[in-house]
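Student: In case you want the letters, here they are:
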Amino acid sequence: MKAIVTVIGKDEIGILSKVSSACANVHANILEVTQSVLQDVFAMIMLIEIDSSKIMLSEVQKELEKAGNSMGMKVHVMHEDIFNSMHKI
Amino acid sequence: MLETKDILDTINMIDNENLDVRTITMGISLLDCIDDNIDKACDKIYDKICRYGQDLVKTGEDISNEYGIPIINKRIAVTPIGMIAAPCQSKRVVKFAYALDRAAETLGINFIGGYSALVHKGFSAGDYALIESIPEALASTERVCSSVNIGSTKAGINMDAVKKMGYAVKKSAELTADKDCIGAAKLVVFCNAPEDNPFMAGAFHGVGEADCVINVGVSGPGVVRAVLAKEGKGKDISQIAEMIKKTAFKITRMGQLVAQEASKRLCVPFGIVDLSLAPTPAVGDSVAHILEAMGLEVCGCHGTTAALALLNDAVKKGGVMASSHVGGLSGAFIPVTEDAGMIAAARSGALDITKLEAMTAVCSVGLDMIVVPGDTSAEVISAIIADEAAIGMVNSKTTAVRLIPAIGKKAGEELNFGGLLGMGPVMPLRAGSPAEFVNRGGRIPAPLQSLKN
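Those protein sequences? They're chains A and B, same order as listed.
As numbered in the numbering used here, residues 13 to 101 make up the first sequence, in order.
As numbered in the numbering used here, residues 13 to 465 make up the second sequence, in order.
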């Protein structure tokens, strides 16, 4: 399954590195990354692929949120379908 | 990949604007539990509900975690108990309420609907006893909700039932006077009741429904208000309606996704999505605040009915394309005690019962969660029910009455139910007695609108 990860907060060094190593810890493959910095606010969106036979989405959520919290960033990990259904016809 | 703006929009809706799926409601038919021995019938009911509903709460929580969408309530609606009670000679119909309450407790759900009777044209065998037992059932159980349909566009209004329901509402409040009269908050009197409504307290599982279905009620007044507040400045009404439609579409798509997923995981057919804007007392989750964001100084001032009509219609138009099956009540709810903006408007006196009655002609339901003085007579409550049912009957829409007589309290004082049921001031009613009119009994004939064949 695919999930969307959003990371929002104050820009600082090493955000991408920390979040991507957290992804590696839970065997999540990063498919796409976009990021922007607007007036010091950092927003990164990642599309990741999780092998749901090996790891539950809730564990991925926990790991990435922990990584985000350690930097004071807000991290959400949500199933891709929710965005597809709300924003695509 | 998806647009960054769309993704951040969704996250913002959930985090800051109270977007949620209000309820996943499993409808369960109890027709195969009928038995002339009431205890046997109750056992069958308990077993069937527990068997069908055993995974409901867990499945709801799993979906909520995986998709990141809060799903607030997991509930059950059953066949109107009036029908199941028909062959039981026992006067203790209230035993059915105990069985429902026990099943709800076992499953860990907060409300179970269906302690109901459909008497829009007349009473059948179990209906009379059921209506008589409603106050006791609501006072002695925690989770059971009751509703009675006393009129329809096709059948007219059963004034004998209207009279009985005035007493039932009053008695329900009296028996729970020590708990802020909460009994009456779990009792809805309908005209044109929908058979697939997932929202409490009026949910029941209609006789035309499958053995078991999943219905989902979406919500999201906060999201609509936020869009109007952010982008609505200087826009004309056509543009406002477009904005509401687009937002309702997104909200409903989310509801549809949850409904399909729940249906798949529980192996139960998907029934409908109810496209309702259901407010909560939380700040930023108010239908009244949407109306105020359209440009009204306070909900209840002149212009409120027009603004509500626009909102109700735009929600349906936006939502209907987003879901394969739309049903239930679908529209904007206006429960006074459950809506922070309505509570404030009622406290300040800007919103009164007559304005609310006018608003019910264009909203999705009716006079909902309104606290009235404790000394209001049963006849006056019956007359309010009749007025409201007449609006529903003539306009071919659902209307409902959920009044809470605040026993021992007068206009200006308040009741506080806590949780989603909220709080509200006692609203004064109009003077003059309708007793002679109400006590006549009989039936208001169906209007010409019913003759469509």
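Because the hints were derived from the structure by calculation, they are not lab data.
Each residue gets a CB set at the ideal place from its N, CA and C atoms; glycine is no exception.
A portion of the hints provided could be inaccurate.
[Said to hold, decoys possible] Below, a list of computed lysine to aspartate or glutamate pairs in the EDC-like style, where the Cα atoms sit at most 16 Å apart:
hint, chain 1, residue 1, chain 2, residue 2
1, B, K422, B, D387
2, B, K107, B, E144
3, B, K60, B, D44
4, A, K14, A, E71
5, A, K100, B, D387
6, B, K103, B, E148
7, A, K100, B, E144
8, A, K100, B, E148
9, B, K56, B, D74
10, B, K276, B, E73
11, A, K86, B, D364
12, B, K17, A, E75
13, B, K258, B, D27
14, A, K86, A, E24
15, B, K422, B, D364
16, A, K74, B, D74
17, B, K258, B, D172
18, A, K86, B, D27
19, B, K70, B, E117
20, A, K86, A, D23
21, B, K107, B, E73
[As the list claims (entries may be wrong)] Which stretches of chain B does chain A cover? Using the computed rule of at least three CB atoms under 8 Å from a CB of chain A, they are:
hint, region
22, 57 to 66
23, 258 to 266
24, 409 to 415
Student: What hints, given by number in increasing order, does this structure fail?
Tutor: 5, 7, 8, 9, 11, 12, 13, 17, 21, 22 and 24
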